[in-house]
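Student: As a plain string of letters, each chain reads:
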Amino acid sequence: MQIKINGKKYSAKEKDTVLDVCRREGIRIPTLCSHGKLKREAVCRLCLVEIDKSGRLVTSCATKAVDGMKVETENENIQKARAINLELLWADHAGKCFQCKKNRRCELQTLAEEYKIENFHFVPRKGEMTSGEENELLLDNWSRVVVDRENPVIERDSQYCVECRRCINICPVSSYGFNHRSGDVVVGTPYNQPLDCIFCGACVTHCPTGALADQGDIQKVITDLDDTNILSVAIVDPVVLKSAMQELLEVKNMENLAGNLRALGCEKVFDLSWGFQKYVEAVAEEIHPHHARKKTPVRQRKFISSFCPSAALYIQKYFPELIKNIIDVKRPEELMAEAVKWEYAKREKIDPKNIRVILISSCAARKKLKSNAIDHIVTVRELGRIAREKKTENIRFKGSAADKFLDETDAEYATTYGYGNLSAMTAKKIKGDFSIGAANGVLEIKNALSAELKREKHYDFLEVMVCPRGCERGGGQSAEI
Amino acid sequence: MSLTVEKILLEFSPRAENILPAIRQISLVFGYVDEEKTGKIADYFSVTKTQIYETASFYDNINTEKQPPFVVRVCFSTHCALSDAKKIIAEIENILHIKLGDVNHPKFKLEMMSCVGRCGEGPVVMVNGKVYERVTVSSVYEMLEEYL
Amino acid sequence: MAKTEKILTKNWGHINPLKIADYINVGGYGALKKFVSEMKPQTAIAEIVKSKLSGRGGAGFLTGEKLKIVAENASHEKYFICNLEESEPGTYKDRMIVDNDPHLLLEGVIIAALAVGAHKAYLYLNGNYHKQKEILETALEAARKKNFWGPGIMGSSYDLDIEIFSGAGAYICGEETALLNSIEGRRGEPRLRPPYPTETGLFGKPTCVNNAETIANIPWIILNSGKKYAKLGATCSPGMKLYILGGSVKKPGVVEAPTGLTIRELIDEIGGGVTLGKEFWFAQIGGASGHLVTEKELDTPLTFSRDCPIPLGSGSILVVDKSANIYDLILSWTEFFRRESCGKCVPCREGTFRLHEIVSRWQDGEISERDREALKDILWTLENTTFCPLGRFAATAMGDAVEKLKILCK
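Protein chains in written order, with our numbering: chain A, 9 to 489; chain B, 104 to 251; chain C, 280 to 689.
No lab work stands behind these hints: they were computed from the structure.
Please note that a few of the clues may not be correct.
[Unchecked claim] Pair ranges (Cβ atoms, derived):
1. B:Gly232 with C:Glu574: 33 to 43 Å
2. A:Lys61 with B:Val132: 53 to 63 Å
3. C:Lys655 with B:Thr107: 54 to 64 Å
4. B:Asn197 with C:Asn426: 53 to 63 Å
5. C:Glu548 with B:Ser242: 31 to 41 Å
6. B:Val206 with A:Arg157: 18 to 28 Å
7. C:Lys655 with B:Val206: 48 to 58 Å
8. A:Glu420 with B:Tyr135: 52 to 62 Å
9. A:Val74 with C:Ser435: 35 to 45 Å
10. B:Thr107 with A:Lys439: 57 to 67 Å
11. C:Ile303 with B:Val206: 44 to 54 Å
12. C:Glu574 with B:Arg118: 51 to 61 Å
We put the CB at the ideal spot given by N, CA and C, even for glycine.
Model the full structure from these sequences, guided by the hints.
Tutor: As C-alpha cells, then:
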C-alpha cells in the first residue's frame with residue numbers, strides 16, 4: 009500500500025506502523041522508548057505525528073499504516089509537543105552529564121542536543137524559591153532514587169532513568185518491574201533488592217541513558233595502562249569489532265582496533281581465537297564417545313557447554329540439578345589468560361606479577377564469573393569511555409593486527425563466533441554417532457533443559473547461549489546511537 | 104494458631120483474577136506484604152515475584168512497607184478540600200506533633216487521600232481504615248483521643 | 280421542562296434494599312423475565328440501541344453500539360463488567376444505587392451480560408466501598424436462590440456466573456482498560472488501543488465494560504421500549520441521569536432528573552439554589568476532571584453529545600462561592616492527579632508532578648514568571664500528548680481556572 013508522508017508518497021507493508029515506514033525511508037522521528045522489535049509501549053510521547061489533518065497528535069510507533077494515509081511529521085504542534093516532553097524528561101537530568109557513564113553516548117542527551125533543549129523551565133533556579141522549598145524539592149526528587157552497586161556487572165542508578173521500559177521488556181528472567189505509581193514510579197527489582205539475575209547485560213545494551221551501565225571503575229584500567237612498569241596485555245574477542253566501530257570512529261578493521269589498543273597502552277594485543285581453539289579442542293576431548301564416557305550413565309554425562317557464563321548462571325539458579333552436567337572445561341578467555349600468566353610469561357621471562365590481562369569483551373556476564381588470571385574485563389562500551397578519556401576515539405591507527413601468541417591458531421577459528429558456531433566447530437572434531445543441539449536464548453535453553461529433565465530429549469552436546477543473536481549481540485556490546 | 108500466608112492463599116483458587124484480591128487480603132491481615140510473602144504469592148499463582156511486587160506497589164490500599172500503628176488519612180479531594188480539610192490537617196499536625204507526609208514517626212503517619220465517595224458527608228478522615236464523617240476542626244481531638 | 284420519568288430512583292426509600300421480595304413486589308426482575316422468555320439477545324440490544332442510551336461513567340459512548348459489537352463477536356468466551364470503581368471526586372451516585380436499590384443494578388447486569396453472550400460477569404467495586412460489598416453479596420445470594428443468575432436462569436438454557444471484584448484504591452482503574460489489567464492481577468495501567476476491549480478485553484476475550492448507572496437504566500428500557508426512553512430528556516442524548524449536587528447549594532445530594540437541563544436549572548431547581556448568604560462564583564461539572572462554568576455559561580444545557588461544550592461527565596455539580604480559597608482548590612486538583620497518574624507516560628507522570636510542585640509554591644498567591652510559563656506548557660502537553668484521557672482530565676480544571684477565572688492575572 010501507499011501512504012503520504014510530508015507530501016511525498018511511500019510504500020508501506022501490511023503490518024507496518026508509521027514509524028516503521030519513516031525509519032525505513034530515513035525520515036527522522038525522535039523516539040526514546042521504542043527499540044527494534046521490542047514490544048511497543050508508546051510511553052515517551054516523542055514520536056508524535058499528525059494524521060490526515062485531524063488536529064490530534066498520535067504516536068507513530070503505535071499507529072498502523074493505512075492505505076492513503078497522509079502523515080505530517082513536522083508542524084508547529086508536533087515540535088511544541090516534542091520540546092515540552094523532552095524538557096520534562098530533561099528536567100531531572102540537566103547538569104548531570106559529566107559524571108554519568110553514558111556521557112556522549114546517551115540517547116536522551118543526543119535528543120536534547122538535536123532539539124535544542126536549553127530552557128530548563130520546569131526546575132526553578134536558585135533564588136526563585138525559599139530555601140525551605142528548595143530542600144523539599146531536593147529531598148523529594150532523591151527519595152525515589154535507587155542505586156545498586158552490589159554486583160560486578162551491572163550498575164543501576166535510577167536518577168538517570170527515563171522509564172522507557174526497555175529493560176523490563178528485554179530481560180529474559182523478568183528481573184525488572186515498574187514499581188509504585190505516578191511520579192514515584194521506579195524501574196527496579198522487588199523491594200529494591202540488589203540485582204541477582206543471570207547478568208546477560210541485555211538491559212545495559214538497551215538502556216538509552218546511564219540508568220543501567222557497566223559496573224566498575226575504568227580509572228583502574230587506565231592506571232594499569234599508563235604504568236610503564238606493567239606489561240598490559242589485551243586479549244581481544246574478535247566478535248567486538250563491529251560494535252567497537254560505534255565507539256572508536258576511525259576503526260575499520262582489526263588492525264585499526266589493535267592499533268588503538270596499543271595507543272591506549274596495551275603493549276601486547278592477542279586474538280581470543282587462540283583460546284577458542286583450545287577450548288573447542290578440550291571440549292571435544294571431554295565429550296568424545298570413547299570408552300570411559302560410554303560407561304558413564306547417560307544422566308551423569310557432562311554435555312552442556314560451559315562457554316556462556318550467563319547460561320551457567322541461569323542453570324545454577326533455575327536448573328541446579330543439571331550443574332553436574334556442565335562440561336568441565338574453562339572458558340576460552342580463562343584458558344588464554346592463564347596461558348599468558350604462565351607459559352607466555354615463562355617464555356618471555358617476565359614476572360607474571362607485572363602482567364595485567366585486559367579482556368576486551370562482547371560479553372557482560374564474564375565479569376560475574378571472572379577468573380583470577382584476568383585482571384580487567386572491559387566491555388566495548390567501557391573501551392569507548394577509555395578511548396574518549398584518552399582522546400583516541402577519533403584517531404586512525406595503522407599497523408599490524410594481533411601479536412603472535414604461543415602458537416598459531418587454525419584459520420577456521422579466526423572467525424566471529426556466535427550462535428551455532430561452537431556446536432558446529434565441536435561437531436567437526438567428533439566422529440561417529442553424536443547428537444548436537446543448540447539452544448539460543450533463555451526460552452530455548454529452558455525448553456531444552458526441561459526436555460532433558462523430563463527425559464524427552466537428550467543431546468550428547470548442547471550449546472547454550474543466553475544472548476539470542478549470539479555473542480555478536482552480546483551484553484557487553486555497544487548500541488547504535 | 105494465627106493466620107498464615109499459606110492459609111490465606113488457600114482461600115483463593117490460583118487463577119489470575121485472584122491475584123489482586125489475595126495480595127489485598129494479605130496486606131490487610133498482616134499490615135503489609137513483605138518480600139517473603141511476595142515470593143509465596145508469586146509461587147502460588149505461578150507468576151514472577153516481579154509481577155507481584157509491581158502490582159502490590161501500585162495500589163493505595165495495599166502496603167509493601169511496614170506501617171506505623173496508626174495511619175491517618177485526610178481526604179483532600181474537591182468537596183472536602185473546599186470544606187475545611189486543610190485546617191483539619193493543620194489541627195491533626197498540631198495534636199499529634201507530626202508533619203503531613205512524615206514517614207519517620209514511630210506511631211503515626213498523616214497523609215492526604217483521594218475521594219472515597221462520601222462527598223455528601225465530608226470532610227472525611229480515615230484512621231486505619233475506619234471512616235469518620237463530617238469532621239470539624241473542633242471534633243478532631245475527640246476523633247484522635249483513642250489513638251493517642 | 281423535558282419529559283421525565285423515575286427510572287433509577289423509583290424504589291429509593293420505598294423498599295428495603297436488602298429484601299429481594301420487596302423488589303419483586305414492585306415489579307422487579309420483570310424485565311429479566313421478559314428478556315428470558317420473550318426476547319432474543321439481538322432484540323434486546325436493538326431496544327437499547329433505539330433508546331440512544333449513552334455511557335454514564337463520563338465517556339458518553341453509545342451503550343447499544345458497544346453491546347452490539349461484543350454480541351456480534353463469534354467468540355464463545357466473553358465477559359461483561361459493571362464498572363463501579365467510581366473514584367471521581369464528588370461522585371457517589373453509583374454507591375447510592377447500591378445502597379438503595381441493588382437489585383435494579385443486578386437485573387441490568389444480568390440482562391446485558393446475557394444479551395452480549397457472556398457467561399461471566401464481574402462487578403468491579405470501589406475498594407473503599409466495604410458496606411456496599413456486603414449489600415451486593417446479600418443481593419447476589421438472594422437472586423441466586425431465585426435462579427436469576429447461575430446455571431439455568433429462570434428455567435432457560437442461559438447461564439451466568441457473577442463475581443464481585445474489589446478494587447484496591449486507584450482512580451485510573453475507572454478507565455476500562457486499566458480496570459481489565461487490574462482484574463488480571465496487574466498494575467492498573469491503561470492499554471494501547473486498538474485493539475479495543477470489545478474485541479480484545481479481559482484475558483484477551485471480547486469484553487463489555489459499562490458504568491453502573493448506565494446498566495441500571497436497562498431494565499426499564501426492556502420493559503418500556505427503547506423508543507419511549509429516547510423521548511426522555513434531551514433528544515441528542517436522551518434519558519434520566521443521577522446528578523450529584525454539592526458545595527454551596529441548599530439541597531446537596533443525589534437527584535434523578537432528565538438530561539438536557541441547564542446548569543442553572545440544576546443548581547436552582549434541583550439543588551435549591553445557592554446557599555443563603557453566599558455569592559455564586561463558578562461551578563465544576565463532572566468532578567475534579569470537569570470543566571468550570573461561570574455565571575454567563577449557566578444556561579448551557581448539559582448532555583452527553585460531543586457537541587455539548589461542557590461535558591456532563593459523572594454528573595457531579597459542585598457549586599463554588601466567592602468565599603472559597605481558590606489556592607486550596609487548585610492544590611486539591613493538582614495533588615489528586617499527581618497521585619493518581621499511573622506513571623506510564625512522560626507528559627502525565629512528569630507533568631502532573633511538576634504541576635503540583637508549581638501549585639505548591641504558588642500557595643502564597645505569588646507565582647514566578649518561570650512557573651507561569653511552565654504551567655501553560657504543562658497544561659498544553661497534558662491536553663494533547665498523553666497516553667490516556669487522564670492527562671486531559673488533569674489539565675481541564677486548571678486550564679479553565681487560568682482562562683475563565685483569570686487566576687494567573689494580577
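Student: The structure should be examined with respect to each hint, and the outcome stated for every one.
Tutor: Against the structure, the hints come out as follows:
{"no.": "1", "hint": "B:Gly232 with C:Glu574: 33 to 43 Å", "result": "42 Å, holds"}
{"no.": "2", "hint": "A:Lys61 with B:Val132: 53 to 63 Å", "result": "57 Å, holds"}
{"no.": "3", "hint": "C:Lys655 with B:Thr107: 54 to 64 Å", "result": "55 Å, holds"}
{"no.": "4", "hint": "B:Asn197 with C:Asn426: 53 to 63 Å", "result": "58 Å, holds"}
{"no.": "5", "hint": "C:Glu548 with B:Ser242: 31 to 41 Å", "result": "34 Å, holds"}
{"no.": "6", "hint": "B:Val206 with A:Arg157: 18 to 28 Å", "result": "25 Å, holds"}
{"no.": "7", "hint": "C:Lys655 with B:Val206: 48 to 58 Å", "result": "34 Å, violated"}
{"no.": "8", "hint": "A:Glu420 with B:Tyr135: 52 to 62 Å", "result": "60 Å, holds"}
{"no.": "9", "hint": "A:Val74 with C:Ser435: 35 to 45 Å", "result": "44 Å, holds"}
{"no.": "10", "hint": "B:Thr107 with A:Lys439: 57 to 67 Å", "result": "59 Å, holds"}
{"no.": "11", "hint": "C:Ile303 with B:Val206: 44 to 54 Å", "result": "53 Å, holds"}
{"no.": "12", "hint": "C:Glu574 with B:Arg118: 51 to 61 Å", "result": "54 Å, holds"}
The structure does not agree with numbered hint 7 stated previously, though it agrees with all others.
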